[in-house]
Amino acid sequence: MKPAPLLAAGALLLAGAAGAVWLEAEPGSAEFDHERHREVFPTCVACHSGVMSGETPWPDPQGCRSCHDGVVEEEVEWSPPAVARASNLRFEHRRHAELVLRGDTLARCSDCHTPAGAPWMTVRRAVVDQCFGCHGIVAGHLEAPDTACAVCHFPLAEAAALDLEEIASFEKPPSHLRNRFARGEVHGAAATALAPGYPVAPSCATCHARDFCMVCHVDAPEQPAIQALAPDPRSLALRAVLEAPESHQSPDFLAAHGGLVRSRLRECATCHARESCMECHRALPDAVSRLPPAGEGRGVGAKVVRRPPETHAGGYAERHGSAAAARTETCAGCHVQADCLDCHRPVAGAAGKYHPEGFLVRHPSAAYSRAADCVSCHNQGEFCSTCHQQAGLVPKGPFRSGYHDAKQMFVLGHGEAARRSLESCVTCHVENDCLACHSALGGRRFNPHGPGFDADRLRKRNPGMCTVCHGARIPG
Amino acid sequence: MIPVRRIRLSAALAIAVAHPLFGQQFRVELDSRFQSVAYRGWQADSILAAQAVTSAYGGPATPDGFALRCFPGAQYCYYFRPGKPLRAHPWTTSARGSVWGLGVGGLSFHAASLAAFDPGSGESWPGSTPALRLVEGYARLAAGNWDFRAGRQYVASRFGLRGLDGIRAGLEVSRLGLELTGYGGWILARGSSLPVLSPALNPLNEFRPRRRQLLGGIQLGLRQGALVLRGTYEREFDPGPRYLAGERVGLDLWAALPGDFRFSFGADYDLGMGWWGSAEARLSFAPEDWLIADLGARRYRPYFELWSVWPAFTPVPYNALSGNLSVSLGRFISVRAGGEVYRYAPTGAASPLLVETSDRGWRGSLGAGYRDRRLAASANYFLELGPGAGAGGVEGKVSYHSGSDFTLSLYGSYLRRPLELRFNESALGILEAAVEYRPSDRVELGLELGRYAEDRDRPDAAAVSWDQLRLATRVTIVLRGGARGSGLPAAVLRMPRGPSGR
Numbered sequence: 056m057k058p059a060p061l062l063a064a065g066a067l068l069l070a071g072a073a074g075a076v077w078l079e080a081e082p083g084s085a086e087f088d089h090e091r092h093r094e095v096f097p098t099c100v101a102c103h104s105g106v107m108s109g110e111t112p113w114p115d116p117q118g119c120r121s122c123h124d125g126v127v128e129e130e131v132e133w134s135p136p137a138v139a140r141a142s143n144l145r146f147e148h149r150r151h152a153e154l155v156l157r158g159d160t161l162a163r164c165s166d167c168h169t170p171a172g173a174p175w176m177t178v179r180r181a182v183v184d185q186c187f188g189c190h191g192i193v194a195g196h197l198e199a200p201d202t203a204c205a206v207c208h209f210p211l212a213e214a215a216a217l218d219l220e221e222i223a224s225f226e227k228p229p230s231h232l233r234n235r236f237a238r239g240e241v242h243g244a245a246a247t248a249l250a251p252g253y254p255v256a257p258s259c260a261t262c263h264a265r266d267f268c269m270v271c272h273v274d275a276p277e278q279p280a281i282q283a284l285a286p287d288p289r290s291l292a293l294r295a296v297l298e299a300p301e302s303h304q305s306p307d308f309l310a311a312h313g314g315l316v317r318s319r320l321r322e323c324a325t326c327h328a329r330e331s332c333m334e335c336h337r338a339l340p341d342a343v344s345r346l347p348p349a350g351e352g353r354g355v356g357a358k359v360v361r362r363p364p365e366t367h368a369g370g371y372a373e374r375h376g377s378a379a380a381a382r383t384e385t386c387a388g389c390h391v392q393a394d395c396l397d398c399h400r401p402v403a404g405a406a407g408k409y410h411p412e413g414f415l416v417r418h419p420s421a422a423y424s425r426a427a428d429c430v431s432c433h434n435q436g437e438f439c440s441t442c443h444q445q446a447g448l449v450p451k452g453p454f455r456s457g458y459h460d461a462k463q464m465f466v467l468g469h470g471e472a473a474r475r476s477l478e479s480c481v482t483c484h485v486e487n488d489c490l491a492c493h494s495a496l497g498g499r500r501f502n503p504h505g506p507g508f509d510a511d512r513l514r515k516r517n518p519g520m521c522t523v524c525h526g527a528r529i530p531g
Numbered sequence: 007m008i009p010v011r012r013i014r015l016s017a018a019l020a021i022a023v024a025h026p027l028f029g030q031q032f033r034v035e036l037d038s039r040f041q042s043v044a045y046r047g048w049q050a051d052s053i054l055a056a057q058a059v060t061s062a063y064g065g066p067a068t069p070d071g072f073a074l075r076c077f078p079g080a081q082y083c084y085y086f087r088p089g090k091p092l093r094a095h096p097w098t099t100s101a102r103g104s105v106w107g108l109g110v111g112g113l114s115f116h117a118a119s120l121a122a123f124d125p126g127s128g129e130s131w132p133g134s135t136p137a138l139r140l141v142e143g144y145a146r147l148a149a150g151n152w153d154f155r156a157g158r159q160y161v162a163s164r165f166g167l168r169g170l171d172g173i174r175a176g177l178e179v180s181r182l183g184l185e186l187t188g189y190g191g192w193i194l195a196r197g198s199s200l201p202v203l204s205p206a207l208n209p210l211n212e213f214r215p216r217r218r219q220l221l222g223g224i225q226l227g228l229r230q231g232a233l234v235l236r237g238t239y240e241r242e243f244d245p246g247p248r249y250l251a252g253e254r255v256g257l258d259l260w261a262a263l264p265g266d267f268r269f270s271f272g273a274d275y276d277l278g279m280g281w282w283g284s285a286e287a288r289l290s291f292a293p294e295d296w297l298i299a300d301l302g303a304r305r306y307r308p309y310f311e312l313w314s315v316w317p318a319f320t321p322v323p324y325n326a327l328s329g330n331l332s333v334s335l336g337r338f339i340s341v342r343a344g345g346e347v348y349r350y351a352p353t354g355a356a357s358p359l360l361v362e363t364s365d366r367g368w369r370g371s372l373g374a375g376y377r378d379r380r381l382a383a384s385a386n387y388f389l390e391l392g393p394g395a396g397a398g399g400v401e402g403k404v405s406y407h408s409g410s411d412f413t414l415s416l417y418g419s420y421l422r423r424p425l426e427l428r429f430n431e432s433a434l435g436i437l438e439a440a441v442e443y444r445p446s447d448r449v450e451l452g453l454e455l456g457r458y459a460e461d462r463d464r465p466d467a468a469a470v471s472w473d474q475l476r477l478a479t480r481v482t483i484v485l486r487g488g489a490r491g492s493g494l495p496a497a498v499l500r501m502p503r504g505p506s507g508r
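Listed in order, the protein sequences are those of chains C and Y. Just so we're on the same page, the working numbering is the position in the first sequence counted from 1, plus 55. Just so we're on the same page, the working numbering is the position in the second sequence counted from 1, plus 6.
Keep in mind that the hints were calculated from the coordinates and are not lab data. In this text, all values refer to a predicted model and were calculated from it rather than measured experimentally. Beta carbons are placed, not taken as given, at the ideal position from N, Cα and C, and that holds for glycine. Misleading hints may appear alongside valid ones.
Now the in silico label distances, taken between C-beta atoms and shown as ranges [said to hold, decoys possible]: (1) C:H303 x Y:R377: 18 to 28 Å; (2) C:D511 x Y:R181: 42 to 52 Å; (3) Y:G354 x C:H375: 28 to 38 Å; (4) C:S344 x Y:R377: 28 to 38 Å; (5) Y:L184 x C:R345: 17 to 27 Å; (6) Y:Q474 x C:H303: 42 to 52 Å; (7) Y:L147 x C:K408: 31 to 41 Å; (8) Y:L226 x C:L467: 41 to 51 Å.
16 Å max Cα-Cα, derived EDC-like pairs, lysine to aspartate or glutamate [said to hold, decoys possible]: (9) C:K515 x Y:D244; (10) C:K408 x C:D394; (11) C:K451 x C:E486; (12) Y:K403 x Y:E438; (13) C:K515 x Y:D276; (14) Y:K403 x Y:E454; (15) C:K408 x C:E373; (16) C:K408 x Y:E401; (17) C:K451 x Y:E212; (18) Y:K403 x Y:D378; (19) C:K462 x Y:D466; (20) C:K462 x Y:E426; (21) C:K462 x Y:E362; (22) C:K358 x C:E298; (23) C:K408 x Y:E442; (24) C:K408 x Y:E438; (25) C:K358 x C:E334; (26) Y:K90 x Y:D473; (27) C:K227 x C:E198; (28) C:K451 x Y:D51; (29) C:K408 x Y:E454; (30) C:K227 x C:D201; (31) C:K515 x Y:E253; (32) Y:K403 x Y:E442; (33) Y:K90 x Y:D51.
Produce the entire structure from the sequences given, and follow the hints as far as they go.
Here is the structure:
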């Protein structure tokens, strides 16, 4: 056997064994202090002989006892770990040893396990920069090209020995810290940039599996990159947080999102299943029906919380009329007609909440001037007159009421008040109360017609009304 | 005679034994409410005019101190004594349901009914007769761009929620942003689910038409970008002599303007009377979700059908300007303020020397609110003064939400209400506690207990105080299911159950 390969192999074995010991015991720990033994061991393979053969890299405890026998040195109790340390490293000492033996490389143990320029027996875990140096990778560890990770690492799904804690401790690459990385514009492109040779970048697969993507991606089945990742629930040890895109922060978003959905449905489908639309929409709009339904293999995606839009704040119920009449179909996006009936056809005896508590007492001022269109919800006869009658407010004739006692001459000067609030008058008074004076057929024949009254028009449209006061002799 | 009992029995049996079709789904909501409330009205009385005395405040009064209204030259003067306390116990049960998935795509049936009665009091609580009524009941077929409905239903337009027993057909052409709806049938009375001929709507024995009126209407909606237009034409007429009962045309507009502005406008013209009806315009500004402001103008003119004589009395409109501002201070606190001023158009009725009444009024409110995940609190101050009456007071409410199943609310208010045409300034204080409990997503229970204390201040002997306890209970049960079992979309299932659920 030629001495050079032997030397190299020996060095490699020593380095491998030393590295293995270091993996178990951090530098300076009581387990094994390589640097303290610097003068004792001229080679690595003296202890780590198993590295070369593919057997255990750990030293034989008997070797330690050759010095630590209680006479020369105090005894130590050490035994190699029963289970190899969990790792996602693709690295095999034996394969590297074979390369060394074949003369393909001049690597030594210290090339990987000793920082450049450090003295003998300064043993560390494999120094990544030095791995990169041999493998021609010019970048920091977490900034390596997307294809480079697979040189040394298994995909997460294949690193079965890693537990959740170890996965959760993965360091986040600087690229992930860039603004908007998680919001899709960047990470999606990075994951697919190498396609078609790589359906998903090996850099993604090193730390992530399909389950991780499915935290956010409702469209996982439609994304080849995600499907290229193996499923692995351990990948959820890394926490994914779905952040709403900036477009969603706009005050107009709620009002304008329908147009966005129609023009950029695929983007919406990234995070939204059909169900998230149905959280608010009572029926499936056309665009929504093209979104995938939630189900097996799809992520939960965005959770939509039904809430009224900003436009509905500040007493919107009192001023929704015009907007609701113009945009019925917009209202119908989130409301069913039963919602309208809740207020517009209130249930007798139900304590409705449109009006504040105690409104019954304060209703005269609102009713006189119709702060709201009372008749839109309350039938005057059924609601107002019934109650007024039972409260004793309904007169038994035009002059037989004492209600307006603050205005003694009210009956003689009621015209202005009546024309201003006729709806209030008729909640207590019937036509005959008024016709006693205002009919052309008898009484005082006071003309009730006010400004804007078009007798000709009314006679043509409904002469029946005219006959009530004018009989068959309708003037004009 | 219709065998109602047999029909009901058959229907119940059919429902009980029927197997659901594939895909058949339904949702039924049963809501039962009971209230115990008291109110105190008036008892009309009279004395001979010769017995009237002059009161300390200057007007005529009875010898025992009740203010009188004496018509010059009349033999009697009239007045009101405080009436006896009336206690009502309205008990209502409503059922609302939908069935779909009947094997015909887009076909569904919808119904809502109300049973109401007032046990014990002998007085009819408004809306408690007839004891059973069909609020709505229609079949719907949504096929492509078409939407057909037949039965008792409601059409939303700027004329309100018009009820009719009839048909409606709608066509939506999304490509053109066009929506066309036509409807017709026998109309229901405004603000009610009963026909206008129902005695329940005519307690005072007013004039009523002999037959139900027919209603025909058409709506045309147009959406172009941020602009939405909708025109509505409606015609009501008597099917007998073909007299017109009403004919109106209305236009509504909504637009999103640059700079976070929104504009809405609506106006209607009464073709029957030949005058403009009500109109409103509002400009809203919401640059951020913490600020909402709006300015509005409004015109209100009451509408009466032509089968009554009231349009001939020429009600005049009023014109109003209003503004509202709502500002969120951080995540939890918001403040709001709003106000409106209004003034009536000239009435053409000249009698100011005899009775001077106000032709203008205003109203305003100022409030603040706090809301986090568990706690909500609000306080409000309001004041309004207008023709006929005014009101002003403060109110506050605190609600605690324990997760999604339990809510406790406390409410208190104090208000005063002066009248213009009558001696009466009521002062009302309210303290109320309410509990809502939702043991499951299908059952909801509610209980309200309130103390109402009212003093009716008058300068005469009719001043009266009355206090009362009010009780309201509510049980809501939701049943849903079907062959596929998933029920309605989440949006519908989460719909608030009326205002009390919000």
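Structure-based check of all given hints:
1. Checked against the given bound of 18 to 28 Å, the beta carbons of H303 of chain C and R377 of chain Y, roughly 22 Å apart, stay inside it.
2. Distance hint check: the CB atoms of D511 of chain C and R181 of chain Y are about 46 Å apart, consistent with the given range 42 to 52 Å.
3. Distance hint check for G354 of chain Y and H375 of chain C: the Cβ-Cβ separation is about 34 Å, which falls inside the suggested range of 28 to 38 Å.
4. Between S344 of chain C and R377 of chain Y the beta carbons are some 35 Å apart, a value that agrees with the proposed interval 28 to 38 Å.
5. About 22 Å separates the C-beta atoms of L184 of chain Y and R345 of chain C, a value consistent with the hinted range of 17 to 27 Å.
6. Under the hint 42 to 52 Å, the C-beta atoms of Q474 of chain Y and H303 of chain C, about 51 Å apart, fit the expected range.
7. Between L147 of chain Y and K408 of chain C the Cβ separation comes to about 34 Å, which falls inside the hinted range of 31 to 41 Å.
8. One distance hint, 41 to 51 Å for the beta-carbon pair L226 of chain Y and L467 of chain C, holds here, with the actual separation near 49 Å.
9. With a C-alpha separation of about 14 Å, the suggested pairing of K515 of chain C with D244 of chain Y holds against the 16 Å cut-off.
10. Restraint check for K408 of chain C and D394 of chain C: the C-alpha separation of about 13 Å stays at or below 16 Å, so the hint holds.
11. Annotation: proposed proximity of K451 of chain C to E486 of chain C holds, straight-line Cα distance about 12 Å (limit 16 Å).
12. With a C-alpha separation of about 9 Å, the suggested pair K403 of chain Y and E438 of chain Y falls inside the 16 Å cut-off, and the hint holds.
13. This hinted pair checks out: K515 of chain C and D276 of chain Y have alpha carbons roughly 15 Å apart, not beyond 16 Å.
14. The suggested pairing of K403 of chain Y with E454 of chain Y holds, with an alpha-carbon distance near 14 Å, which does not exceed 16 Å.
15. Between K408 of chain C and E373 of chain C the CA atoms are separated by roughly 12 Å; this keeps the pair inside 16 Å, and the hint holds.
16. With a C-alpha separation of about 14 Å, the suggested pair K408 of chain C and E401 of chain Y falls inside the 16 Å cut-off, and the hint holds.
17. The hinted pair formed by K451 of chain C and E212 of chain Y meets the criterion: a straight-line CA distance of about 13 Å does not exceed 16 Å.
18. Distance restraint check for K403 of chain Y and D378 of chain Y: the Cα-Cα separation of roughly 14 Å lies within the 16 Å cut-off, and the hinted pair is therefore satisfied.
19. At most 16 Å may separate the alpha-carbon atoms for a hinted pair to count; K462 of chain C and D466 of chain Y meet this at roughly 15 Å.
20. Only pairs whose Cα atoms come within 16 Å are accepted, and K462 of chain C paired with E426 of chain Y is accepted, the gap being roughly 8 Å.
21. The straight-line distance between the Cα atoms of K462 of chain C and E362 of chain Y is roughly 9 Å, inside the 16 Å bound, and the hint therefore holds.
22. With a C-alpha separation of about 11 Å, the suggested pair K358 of chain C and E298 of chain C falls inside the 16 Å cut-off, and the hint holds.
23. Only pairs whose Cα atoms come within 16 Å are accepted, and K408 of chain C paired with E442 of chain Y is accepted, the gap being roughly 14 Å.
24. Of the supplied pair hints, the one linking K408 of chain C and E438 of chain Y holds, its CA atoms being roughly 14 Å apart against a limit of 16 Å.
25. Using a Cα cut-off of 16 Å, the hinted pair K358 of chain C and E334 of chain C holds, with the two alpha carbons roughly 9 Å apart.
26. Among the hinted pairs, K90 of chain Y with D473 of chain Y is consistent with the structure: their alpha-carbon atoms are about 13 Å apart, no more than 16 Å.
27. Using a Cα cut-off of 16 Å, the hinted pair K227 of chain C and E198 of chain C holds, with the two alpha carbons roughly 10 Å apart.
28. In summary, the hint linking K451 of chain C to D51 of chain Y is supported, as the alpha carbons are separated by about 11 Å, within the 16 Å threshold.
29. As the CA atoms of K408 of chain C and E454 of chain Y are separated by approximately 13 Å, the hinted pair is consistent with the 16 Å bound.
30. Using a Cα cut-off of 16 Å, the hinted pair K227 of chain C and D201 of chain C holds, with the two alpha carbons roughly 14 Å apart.
31. Our distance criterion of 16 Å between C-alpha atoms is met by K515 of chain C and E253 of chain Y, whose separation comes to about 13 Å.
32. Taking the CA atoms of K403 of chain Y and E442 of chain Y, the gap is about 15 Å. The hint holds against a cut of 16 Å.
33. For the hint linking K90 of chain Y to D51 of chain Y, the alpha-carbon distance of about 14 Å falls within 16 Å, and the restraint holds.
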